[in-house]
Structures are given as structure tokens and as C-alpha cells.
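Chemist: Take a look at the letters that make up each chain.
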Amino acid sequence: MNTNSIIKKRKSTVANVLIFILLFCLSLVFLVPIFVVILNSFKGKFYISKAPFALPTSETFAGLDNYINGIVKSGFTNAMGYSFFITVASVIVIIILTSMTAWYITRRKSKLTSGIYYLFVFSMIVPFQMVMFSTVKIANMLHIDNPIGIVVLYLGFGAGLAVFIFSGFVKGIPIEIEEAAMIDGCNPLQTFFRVVLPILRPTAITVAILQAMWVWNDYLLPMLVIGNKYKTIPVAVQGVLTGTYGARDMGSLMAMLVLAIIPIIVFYLVAQKSIIKGVIAGAVKG
Amino acid sequence: MQKTLKKYFIIFLIPTLIAFAIAFVVPFIMGVYLSFAKFTTVTNSTWVGLDNYIKIFTINNDFTNALWFTVKFTVVSVITVNVIAFILAKFLTRGIRGTNIFRTVFFMPNLIGGIVLGYIWQILINGILLNFGVTLTFDAKYGFWGLIFLMNWQMIGYMMVIYIAGLQNIPDDLLEAAAIDGATAWQTLRKVTLPLIASSITICTFLTLSNSFKLFDQNLALTGGAPMRETTMLALDIYDTFYGRTGYQGVGQAKAVIFFVLVGIIAFIQLKISRSREVES
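First to last, the protein sequences are chains A and B. Just so we're aligned: the first sequence equals residues 0 to 285 in numbering that gives the first Met the number 0. Just so we're aligned: the second sequence equals residues 0 to 280 in numbering that gives the first Met the number 0.
For the record, the hints were derived by calculation from the structure and aren't laboratory data. Even for Gly, the Cβ is constructed at its ideal location relative to N, Cα and C. Treat the hints with care, as some may be off.
To be verified - Which stretches of chain B does chain A cover? Using the computed rule of at least three CB atoms under 8 Å from a CB of chain A, they are:
hint, segment
1, 55–64
2, 82–95
3, 157–169
4, 186–197
5, 210–221
6, 237–251
For reference, chain A alone in the conformation it holds in the complex (with noise of 0.2 Å):
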């Protein structure tokens, strides 16, 4: 080795110490807001506003009581339990019949068909305020303002995305593996569930992430629709801001903050290398 390059190369080590130490920084950046909320839903909620980044002492402490406060006037329970079902109902819903209607429409070519895999593009430019005013009252008309209703809602509004990932890979699929499957003897719906929904796989989870992502943290529409009776996080948490439950308690919004965050944070920890796929898979479809 020459000295030259053993000049790059120590160059380089230092280039990589001094990144470090700005990555190390800038990280500690990213998680200071959610420490700063942590440490201010154990303090009492007269302290918070006055001095928010302090450590909280032994005068300013609070326990628990934030989390009881806030868990006991949100309803956060019940918005959880919402949160969850509308979530996981979405997400299967849409993931069986969007698959289903994206194979059809690959598979039996006609003007029909593709003319309705362009309207489900179409829908995905649409901003929802476009919609946002006649959705909300023809779920009304319709009596499906509930949390089982609201679940027809995301699978008109996923289906967009959802069957324009799945058609991409259809298209993948060597037709010959589903004839071979027909003349088998097996009917359409066989084929599909047996044959060509193991082969989704992949996909079924990169969109089963996208779309759990959206459900969950939406606000506007189970706001709109449904959220007089049924609140779902993203709705307390705001209900809780504007004082829908009496004054606005800096300490228990900080306590339904770190709950909101709370599912989200296991979520990623668990699934992290699925969702950092099918996030890519998902930007580069779209």
C-alpha cells in the first residue's frame, strides 16, 4: 500500500467517526420529542406547560394519575378496542376481495374489466375532500355509521391502491400454473384461494402493512362518520385537545399520547423489516 491510499484511508476513518457522531446526534433529535412526552405524562398537569423539558421532581410528580385521568375521560379503552377492530377487520377485508378482484380483472382481459382497473388508478389521485362531504352522507343514508359499516368505507377507498399493487404481480404469475389448476379440475374460486393466493404472499403482506399503517392513524373519516359514538385514538386524542371532555388537561393528553404511540412503536419493533419493504414496494408502485 502506497502512503497515498493509507492517507485516504485515514481520512476516511476520521470522515466515518465525525458521521457517527452527527448520525448519534441527529438521532438523539428524532427521539427527543417522544422522550420530552414520556417524561411529561408522569408530571402533574399544571407543570407541564410551565417548564416542559424539566425532569419531573418529587413535587411535580404524578404517578399514574394522568394515565387514569386520561384513560377514564377519553374512553381510551373503548377508542383502542375501535381502533383495533376497524384496523384488522380493514385490512383482511380488503385484502381477500381486492386480490380476488385484481386476479379477475388481469386475468379475463375485456374493455370492461380494464376500464375498471383505471377507474381504481383514477381513485388514488383523488384528494378525500373531493368525496369527503357526500361520502359522509351516504354512509349516513345507508345506516353503515358504525364501526362494521365504516369497514365497506376503507375497502371502496383501499381498493385503488391495493388493486393496483396486486394486478402488478398477477401479472408475474405464469398463467400455465392456473390452467394446469383448471384442468385439474378446479374451479375459479379454488384456483384462486389455492393456487394463486399462496403465490401473493409477499404482496398480500406489503399491502396488509400499507393499508393497517392508513386505517390506523386516520383521522377524517371515522371522525366524520362515525366518531359521535365511536371514537377511535386519532379521534379522542383530538377530542381531548379541543376540550370535547371539559377543560383541556395538559396531562392527560400526554398520557393518550404516549398510549397512542405505544402500539405503533411494538408494531415496528416486530415487523420492522416487512414494513420497511413494503414501504418501498409501495412508494415505487405508486
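Place chain B on chain A using the hints.
Modeler: Relative to the frame of chain A, chain B by itself:
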């Protein structure tokens, strides 16, 4: 196969299509119609022609102000998010110790919903501004930069992950060849790296663009448009017009149609750019 499939139309298509019609197709058509009508619920509408569209610009300046604020916000956030995300992606593809942990941390805020994010930052920024005796809603510029910070915190990790995937696809021998030919780091970046990740740049630019342009939850939670509606973005302005006061639903719907057209133009440009790139390669 085509023939057997024909009989299964109802089972495979109808459930999704019914939901799609209820949630999207029918409301979309109604939405276009209602933008030319006066109504309070969807059943009592009367045709008023272009009245609503004229009212958008004659009653007050809310919509044009929101449009201007949204455009400023979008430009700044697209640039900051993408530049920072790209630099981080470069740093995280050097094989530095702890790369995986850094990636995990930077990506995490992306999963937290807009409402929760908005309130976290409201508390944080108010805590900092407390030292200067002001609050987030004291001046529109605090709200503006607050939204920029929030957007960066949320989107950087996402874009970084896409850039990392792009950078990892660059063949090593190309970079080595550039080094042997005596290219400086800057030359390598401009002539080798950036052209090779052009598709990642397009994807990330348009993702941040459309996410920033359509931002709602974060805007509602962080400032709610205060002070004096000065930090109201387009989506929030439309929402406020619909539900803020009765009698203006038609104007709200007309605003939504314009909003949709703007978003559609952005999507169309993106499609054109990625199509032409596919033809090139």
C-alpha cells in the same frame, strides 16, 4: 379459462365494486355536480352554475391565502426533506457501525399518525418558544417553520429508506472506475451517483410533493390554522368551508374540485416524467 371466469364475475368483482361505488364513484360524481349547486345536505340541492366558483374568490381571500401558504410550505419541505434524506442515505451506505439502529430511529416517526405527531410538536415548540415569551400561534412564521420541522421529522426516514435502496443498486465497479479515473467525490456524485438514482429522486420528490400539498391532520393538530387563519393549508381550508358555517357547502365543494384538479396536474406531470424515463432506459 376465459369462459369459466365469465360466470364468476359476481363473486370476484361485485363485493369490491359495491364498496368502491359507495365510497368513491358515486360521491365523486355527486361531488362534481354539487360544486355547481347550493345545498346543506346532499338531497336539497339547487343548480347555481358557476356561482360557487366565483364566490371562492370574491367572498374572501381564504382560498388564495391557503393556496399561497401551501405552495410555500410544499416547496420548502420538498427541498429540505429530500436533501437531508439523501445525505443521511449516503451516510448510512458507508458501512458505519450502528447503521441499522440509526435507520430504525430515523424511520420510526413515519409510522406515527398526523394528529399525534401534530400535538407532540405543538408541546415541544411551545416549550421552546416559552423562553421567548411567545407561543406557536403568536405569529404565522412560527406555525410555518413548525410545520416544516414536523414534516421533516416525519418524512425524512421514509425518503431515506427509498434513497438507500437506490444507492445500493449502483454497481460497485462503476464507482471504482470513477475513482481510478481520478474523479473527485463531487464529480462522482454529480456524474455517476445522481444520474443512476434518478428514478428514486423522482419518486421521493413527488411523494413529498403530494404529501405536503395534501397535508391535513398535522396542520389541524399543530396550529389549526391560527393565527387568523394565516397557517391554514388548502385541505384544512376546504374542511373549514364545509363544516365551519352553514350555507357554504357548495363553495367548499367547488374548492375541493379545484384542489382535485391541482393534485391531478401534479400526478400527471409525475406520470409523464417517469414514462419518459422508462423509454430512455
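Chemist: Take the hints in turn and mark each one as holding or not.
Modeler: Here is what the structure says about each hint:
Remark: the segment 55–64 of chain B is not confirmed as covered by chain A, as 0 of its residues place a Cβ nearer than 8 Å to a Cβ of that chain, below the required three. Look at the segment 82–95 of chain B against chain A: 5 of its residues bring a Cβ nearer than 8 Å to a Cβ of that chain, three or more, so the hint holds. Proximity of the segment 157–169 of chain B to chain A, defined as three or more residues with a beta carbon under 8 Å from a beta carbon of that chain, is established by the 4 residues found. Counting residues of the segment 186–197 of chain B whose beta-carbon sits less than 8 Å from any beta-carbon of chain A gives 0, not enough to reach three: the coverage restraint is violated.
Evaluation of the coverage hint for the segment 210–221 of chain B: fulfilled, as 5 residues show C-beta separations to chain A shorter than 8 Å, against a requirement of three. Only residues whose beta carbon comes within less than 8 Å of a beta carbon in chain A count, and the segment 237–251 of chain B has 5; three or more means the coverage holds.
In summary, the numbered hints that this structure violates are 1 and 4.
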